[in-house]
Amino acid sequence: MLDYKNVEELHKDLVNKKISVTELVKETLNSIKLHESKLNAYISINEEQSLNMAAKIDKKGVNPDNLWEGIPIAVKDNLNTKGILTTAASKILSNFKPIYDATVVQKLKEAGAIIIGKTNLDEFAMGSSSETSYYGAVHNPWDLERVPGGSSAGSAATVASRDVLVSLGSDTGGSIRQPAAFNGVVGVKPTYGRVSRWGLIAFGSSFDQIGSIATNVQDAASLLTLISGMDVKDATSSSKKVPDFRQKLTGNIEGLRIGVPKEFFGDGVDPKICSLIKDSLKVFKEQGALIEEVSLPNSIYGIQAYYVLAPAEASSNLQRFDGIRYGYRADNINNLEDLYVKTRTEGFGDEVKRRIMLGTYALSASSYEAFFIKAAKVRTLIINDYKELFKKYDIIVGPTTPSVAFKFGDKKDETSMYMNDMLTVTANIAGLPAMSVPAGLVDGLPVGLHIIGKPFDEVTLLNAGYTFEKINNFNLKPNID
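full-length UniProt numbering puts the first residue of the sequence shown at 1, with every later residue one more than the last.
Hints are supplied without guarantee of correctness; some may be wrong.
[What the hints assert, rightly or not] Lysine-lysine pairs mimicking DSSO-like chemistry, simulated, CA-CA at most 30 Å apart:
| id | residue 1 | residue 2 |
| --- | --- | --- |
| 1 | K392 | K353 |
| 2 | K248 | K5 |
| 3 | K91 | K60 |
| 4 | K5 | K26 |
| 5 | K5 | K91 |
| 6 | K342 | K282 |
| 7 | K233 | K262 |
| 8 | K387 | K377 |
| 9 | K282 | K26 |
| 10 | K56 | K33 |
| 11 | K470 | K377 |
| 12 | K241 | K59 |
| 13 | K407 | K374 |
| 14 | K12 | K97 |
| 15 | K248 | K272 |
| 16 | K391 | K411 |
| 17 | K285 | K91 |
| 18 | K353 | K91 |
| 19 | K109 | K5 |
| 20 | K285 | K407 |
| 21 | K278 | K5 |
| 22 | K97 | K233 |
| 23 | K240 | K278 |
| 24 | K353 | K278 |
| 25 | K374 | K387 |
| 26 | K56 | K91 |
| 27 | K17 | K91 |
| 28 | K97 | K82 |
No lab work stands behind these hints: they were computed from the structure.
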């Protein structure tokens with residue numbers, strides 16, 4: 001990617017014809033190809049269509065009032081793109097080309113943005129390291145021997161490498177914010193319902209949200225504005241008015257009330273990260289914010305509740321992949337049951353099968369009361385904890401992840417892998433907006449500051465992140481070239 005600080009700066013040069021859209025797209029494609037052998041960030045690259053669209057825009061000229069026209073954007077490969085391979089990083093969808101666009105993709109296209117490629121992820125967004133992808137793991141541009149986080153691994157890695165300035169990801173339990181933290185970029189998960197989920201290949205329908213990943217808060221805010229809003233095709237989308245999040249970034253947080261949960265700095269969180277985040281809080285205090293230690297007592301049960309509820313929803317959502325209507329179909333089939341069993345056995349990876357089985361067990365007649373109902377009650381307790389805190393505080397702040405990016409193979413069992421989401425899942429459980437902003441380095445690797453906001457108060461959330469970003473001035477990037 002050419003050396004631009006943000007989308008606005010790039011847009012001005014496109015309008016003034018200092019660079020053409022075709023030149024920009026070619027440079028972007030070259031950058032992606034240069035890094036792909038190291039990163040494996042993309043499942044498919046949309047070269048021909050991107051160049052054709054760039055030529056059409058150049059012919060008429062970039063609209064000065066349309067920030068996104070001609071801007072290359074990477075899209076996570078669990079978002080439907082009409083006529084473009086959409087796999088969710090699974091063998092079972094390895095030949096699937098949707099006949100319609102996800103609503104967020106449609107909005108990008110209507111704004112003139114260029115879908116440059118589909119990014120790699122954990123299979124069906126189930127994972128925290130990208131290691132479950134059928135197409136192979138993504139590598140962290142800061143250290144190729146380390147994971148980039150997950151599940152939006154490719155979307156974060158390609159932004160960190162400056163192939164593109166922005167990308168779309170999805171977040172079910174931390175899948176935008178955790179890879180954003182591991183890659184030293186900004187990741188925003190909006191309030192549940194702020195962005196339409198139509199065309200997102202579902203994992204956990206009451207948890208999933210689509211959000212933005214960017215090199216800076218301004219671009220993340222601008223992209224969030226573009227993709228937000230009511231959608232008649234998604235009954236869970238909100239009709240609340242969408243402000244221009246970019247225009248609301250004032251950099252003034254005087255009087256902001258910040259709660260810092262002691263549970264977010266407990267067992268399992270690297271002491272070096274705890275120290276860095278506590279030092280980072282001084283930025284807010286110096287700008288006139290009020291900071292107090294608080295408690296989210298039921299947050300310690302977040303992981304346990306999540307790994308009952310989310311797999312239960314996944315077991316239902318993934319029933320549609322049966323080898324009949326679309327996607328992979330097994331050979332040598334003798335009957336209908338054989339078709340289902342062989343297709344799903346061969347088409348799904350181990351982690352997806354594990355979560356389907358967990359969810360099916362939790363929903364079974366013998367376990368429903370003992371597991372699913374109890375987890376749902378814990379969810380309500382966590383929601384109520386946040387409601388009480390937000391009566392007094394404007395945002396909640398802590399670390400995004402309990403560790404820096406770990407090496408491939410370090411997490412040798414599922415339980416230790418699942419704990420990577422321990423600091424992020426409660427925002428999904430409660431449907432709250434949350435973001436990760438780069439805070440600094442620990443052992444030479446990026447650490448994210450996690451900010452959680454009130455429902456539909458992305459304005460306060462983003463402004464807090466913007467203020468922190470300006471003063472903290474984390475402008476480091478990995479040396480991948």
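Hint check results:
| no. | hint | verdict |
| --- | --- | --- |
| 1 | K392 <-> K353 | violated (43 Å) |
| 2 | K248 <-> K5 | holds (19 Å) |
| 3 | K91 <-> K60 | violated (41 Å) |
| 4 | K5 <-> K26 | holds (19 Å) |
| 5 | K5 <-> K91 | violated (37 Å) |
| 6 | K342 <-> K282 | violated (57 Å) |
| 7 | K233 <-> K262 | violated (41 Å) |
| 8 | K387 <-> K377 | holds (15 Å) |
| 9 | K282 <-> K26 | violated (43 Å) |
| 10 | K56 <-> K33 | holds (23 Å) |
| 11 | K470 <-> K377 | violated (40 Å) |
| 12 | K241 <-> K59 | violated (35 Å) |
| 13 | K407 <-> K374 | violated (35 Å) |
| 14 | K12 <-> K97 | violated (35 Å) |
| 15 | K248 <-> K272 | violated (33 Å) |
| 16 | K391 <-> K411 | violated (38 Å) |
| 17 | K285 <-> K91 | violated (50 Å) |
| 18 | K353 <-> K91 | holds (13 Å) |
| 19 | K109 <-> K5 | holds (23 Å) |
| 20 | K285 <-> K407 | violated (35 Å) |
| 21 | K278 <-> K5 | holds (28 Å) |
| 22 | K97 <-> K233 | holds (20 Å) |
| 23 | K240 <-> K278 | violated (35 Å) |
| 24 | K353 <-> K278 | violated (39 Å) |
| 25 | K374 <-> K387 | holds (20 Å) |
| 26 | K56 <-> K91 | violated (35 Å) |
| 27 | K17 <-> K91 | violated (43 Å) |
| 28 | K97 <-> K82 | holds (7 Å) |
Hint compliance for this structure: hints 1, 3, 5, 6, 7, 9, 11, 12, 13, 14, 15, 16, 17, 20, 23, 24, 26, 27 are broken, all remaining hints hold.
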